[in-house]
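J.: Please model the entire structure based on the sequences and the hints provided.
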Amino acid sequence: TVYNLAMSITKTGPFHNIVCFPSKTVESFDDCSMFEKAHIVASIPARWPIHPSYMHTFGITENYFIIVEQPLSLSVPDLIVKKLKNEPMAGSLRWYKDEMTQINVINRRTGHRSYIFYSTAFFYLHIINQYELKNNIILDICSYKDASMLECMYIENMKSMQTNPNYANMFRSQPIRFVLPLIKPNCEIAFNKNLINISNTQAKAYVLEDGIIFAVPERLCRLGCETPRIHYERYLGKPYRFYYAISADVDADNPGTIIKVDTYNKTALTWCEKNCYPSEPIFVPRPFPQAEDDGVVLAAMVWGNSDTNHVGLIVLDAKTFLEIGRAEFQTPSPVPKCLHGWFLHYQDKDL
Numbered sequence: 089t090v091y092n093l094a095m096s097i098t099k100t101g102p103f104h105n106i107v108c109f110p111s112k113t114v115e116s117f118d119d120c121s122m123f124e125k126a127h128i129v130a131s132i133p134a135r136w137p138i139h140p141s142y143m144h145t146f147g148i149t150e151n152y153f154i155i156v157e158q159p160l161s162l163s164v165p166d167l168i169v170k171k172l173k174n175e176p177m178a179g180s181l182r183w184y185k186d187e188m189t190q191i192n193v194i195n196r197r198t199g200h201r202s203y204i205f206y207s208t209a210f211f212y213l214h215i216i217n218q219y220e221l222k223n224n225i226i227l228d229i230c231s232y233k234d235a236s237m238l239e240c241m242y243i244e245n246m247k248s249m250q251t252n253p254n255y256a257n258m259f260r261s262q263p264i265r266f267v268l269p270l271i272k273p274n275c276e277i278a279f280n281k282n283l284i285n286i287s288n289t290q291a292k293a294y295v296l297e298d299g300i301i302f303a304v305p306e307r308l309c310r311l312g313c314e315t316p317r318i319h320y321e322r323y324l325g326k327p328y329r330f331y332y333a334i335s336a337d338v339d340a341d342n343p344g345t346i347i348k349v350d351t352y353n354k355t356a357l358t359w360c361e362k363n364c365y366p367s368e369p370i371f372v373p374r375p376f377p378q379a380e381d382d383g384v385v386l387a388a389m390v391w392g393n394s395d396t397n398h399v400g401l402i403v404l405d406a407k408t409f410l411e412i413g414r415a416e417f418q419t420p421s422p423v424p425k426c427l428h429g430w431f432l433h434y435q436d437k438d439l
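Sequential numbering of the sequence shown, starting at 89, is according to this note's numbering.
Rather than coming from a laboratory, the hints here were simulated on the basis of the structure. Because the structure is a prediction, the values reported are computed rather than measured. Please note that a few of the clues may not be correct.
As a list, the in silico BS3-like pairs of lysine-lysine whose alpha-carbon atoms are at most 30 Å apart [stated by the list, open to error]:
{"no.": "1", "residue 1": "K99", "residue 2": "K185"}
{"no.": "2", "residue 1": "K173", "residue 2": "K185"}
{"no.": "3", "residue 1": "K247", "residue 2": "K281"}
T.: Put into structure tokens, the structure is as follows:
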């Protein structure tokens, strides 16, 4: 079964929806029935009807969906104009720096919103993981202070990235953790009292005088991280300890660094090689793993400067983050750096 995020337009405005694509059966394996049977399992109205929030991902736990409405929105009026003029959709994005981020927690059983939390404005693309713990939701996100990171994606800005002193700060992503207490504000809860009662966290949450719950995150590590991966098959939506990412510190001595973060101890291990730029690190568990990080981490590699026809695959021990092996080869032409990837077992090659 696959869940995805979608938007629908209704008479009352746009809605953010979670769509379920049911798993294929033996009888329907070769057809498109999973798409034909797709259906909405949860839905919430966009908080700004003509400026719905842009989002790249959502969260899922055992009992809840999590939709994070950041203050980067898609202006519907501008989008219509851009469409008529055949101009890029990116010109319709608007960043509202003075608005808070709204975190919606939706009951998976009913499909309705159960809790709303607020935080300071931040931009994000990827959620690391999320899970339930002692009547709280733990939500880990790679966040940016604002949406200026999107400007870094334009070719003209990339050309000046080495000389632009602000480029690195715009591109730097901070891994943060929210702890969201699953309670309803009431008159018995004191204003501005920290509601977090679990150990090993500096995250906070308060009921403000206007009745909202305001969440303050903690940093998971001091390194910039992006394209985070975990042991998805076993730990998605469940308590976990480790994630793997690529460095978002483009001004570092080795910007092509792969990172392993221990969310318990708030520590990190790294691997890098001069002039080498790895892809999103993918964790592959050992058969019958004995620990969460019992396996290997795979990443495609490209090289820069005059070595752009050089590509490879690195294999790291996920526990120690030391190199186990690699494969390298030359290509007829330069190969672009990839972002996302997936590992399939040999027996799944026909899926």
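J.: Take the hints in turn and mark each one as holding or not.
T.: Hint check results:
The hinted pair formed by K99 and K185 meets the criterion: a straight-line CA distance of about 29 Å does not exceed 30 Å. Among the hinted pairs, K173 with K185 is consistent with the structure: their alpha-carbon atoms are about 28 Å apart, no more than 30 Å. At roughly 48 Å between alpha-carbon atoms, K247 and K281 are farther apart than 30 Å, so this suggested pair is violated.
Comparing the model with each numbered hint stated earlier shows that hint 3 is the single one that does not hold.
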